[in-house]
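Number of protein chains: 2
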Amino acid sequence: MDEQSQRNFSAEEKQLLEEILAHRRDVRGNRFLKTPISQEAIDTIIEAALAAPSVGFSQPWEFVIIRNQKTKQAVKQTFSEETARAASQFADEKQQEYIRLKLEGILESPINMAVFYKPKEGPVLGQTSMPNMGKYSVVCAIQNMWLMARSLNIGMGWVSILDPEKVKQVLKAPKENQLIGYLCFGYTDMFYNQPELELKKWDRKKLQEEVVIEEKYK
Amino acid sequence: MDEQSQRNFSAEEKQLLEEILAHRRDVRGNRFLKTPISQEAIDTIIEAALAAPSVGFSQPWEFVIIRNQKTKQAVKQTFSEETARAASQFADEKQQEYIRLKLEGILESPINMAVFYKPKEGPVLGQTSMPNMGKYSVVCAIQNMWLMARSLNIGMGWVSILDPEKVKQVLKAPKENQLIGYLCFGYTDMFYNQPELELKKWDRKKLQEEVVIEEKYK
Chain Z
1 MDEQSQRNFS AEEKQLLEEI LAHRRDVRGN RFLKTPISQE AIDTIIEAAL AAPSVGFSQP
61 WEFVIIRNQK TKQAVKQTFS EETARAASQF ADEKQQEYIR LKLEGILESP INMAVFYKPK
121 EGPVLGQTSM PNMGKYSVVC AIQNMWLMAR SLNIGMGWVS ILDPEKVKQV LKAPKENQLI
181 GYLCFGYTDM FYNQPELELK KWDRKKLQEE VVIEEKYK
Chain W
1 MDEQSQRNFS AEEKQLLEEI LAHRRDVRGN RFLKTPISQE AIDTIIEAAL AAPSVGFSQP
61 WEFVIIRNQK TKQAVKQTFS EETARAASQF ADEKQQEYIR LKLEGILESP INMAVFYKPK
121 EGPVLGQTSM PNMGKYSVVC AIQNMWLMAR SLNIGMGWVS ILDPEKVKQV LKAPKENQLI
181 GYLCFGYTDM FYNQPELELK KWDRKKLQEE VVIEEKYK
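Taken in order, these protein sequences are the chains called Z and W.
Heads up: the first sequence begins at 1 in UniProt numbering, then just goes up one per residue.
Heads up: the second sequence begins at 1 in UniProt numbering, then just goes up one per residue.
The shape of chain Z in the complex, shown without the other chains:
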């Protein structure tokens, strides 16, 4: 077998990746359509996850595909509890704004997916000094799926206002599994041109000069 890849990408191909990155959005229930997602599209999205880097090639991921409305309702229940608890942490104006935002699309999206980190027994190459590396591998897989979904014109939303232990209970997940992301997938009526929280002026986009440091901190 030829071990070498001679694939060189062109400037136009690089530009297309820039476009996919720029048009990827976090999609919530106000934008999802009921249009079903084909099994082929789901498989393509999962293949993208399996192409992600993982520390020591450990591939420490599991993906639970949820279609049943009852399962979704049970997950939505923990969202409702956690978001009520969260709102009270924001002060004044921000609290009013928080309450007005639609922050998930659990029931509106045809496919939900719980993504777990499954720790391996014994040492993992590359994870001996930074124990979070396995979880970070799972996040890389999620980002690959996000981009692949967008290139299929499918929206994805990442819901994090959940009690991970309650989601595990609903899905009967093994004790050692750790929930990394709870994702909603669906076609959309449109994608926003900018992050929704930027459009709604929740916060502004940072510039390179604010976050890039040359060589060392002063």
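Hint data in this document are derived by calculation from the structure and do not stem from the laboratory.
Watch out, some of these pointers could steer you wrong.
[What the hints assert, rightly or not] Quick partial rundown of chain W residues pointing at chain Z, CB under 7 angstroms, derived from the structure:
1. Gln4
2. Ala48
3. Gln89
4. Thr128
5. Ser151
6. Leu171
7. Tyr192
8. Gln208
9. Ile213
Bear in mind that the values here come from a model prediction, so they are computed numbers and not experimental data.
Every residue gets a Cβ at the ideal spot worked out from N, C-alpha and C, and that includes glycine.
Following the hints, put chain W in place on chain Z, whose structure we already have.
Leaving out everything else, chain W in the frame of chain Z:
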């Protein structure tokens, strides 16, 4: 301003993304060339990071660009200490294999980059129930950079066999910053067709059927 993006990606465009995902590799020092990387390419890679999703649009990232060989040598020192400590954790054959592997390219790559998570004061939308979400946002930015670098035909390696506190000392990083990834960027003599650890039979690639669960665990 038009809030809507009507960008629909075609099947050919989706296929190109699949190719970029498939040809992305973790690159180590045995493959890096000394060829300099232009400032334009570095800026393009950082722009890709800034297009990543972040919890509550918090953009909790900082990127330190390292070019000085002395800084790299100080980081290499913590790699050497940590990898010696790590090797002893693997049993017998795996230990011999571990020692033979080249696991970083700190000195060989023209650009190193330390990527930090910088916690925000006060509550972050979406991070109130899952406190790791800010760190996961930084990982999404790293994965975006990895893909962008590959589309520029630049290799990236993620070095995790480091003491994060020692890297912070070397870079005089603020106390609250947390090291998420230490990255090496450089042109390469070639990219492998498969993950190096798969080629070297350290482990085998998992199949969809091994990691996909329908609806709930049994």
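Each hint, compared with the structure:
1. Gln4: Since the shortest Cβ distance to chain Z is 5 angstroms, the answer is holds.
2. Ala48: holds, 6 angstroms
3. Gln89: Cβ of glutamine 89/W sits 4 angstroms from chain Z, so the hint holds.
4. Thr128: Hint on threonine 128/W: holds, closest Cβ of chain Z at ~4 angstroms, below 7 angstroms.
5. Ser151: holds, 4 angstroms
6. Leu171: Where the cut-off is 7 angstroms and the nearest Cβ of chain Z is about 5 angstroms from leucine 171/W, the hint holds.
7. Tyr192: holds, 6 angstroms
8. Gln208: holds, 6 angstroms
9. Ile213: holds, 5 angstroms
Going down the numbered hints, you'll see the structure goes against none, and every one checks out.
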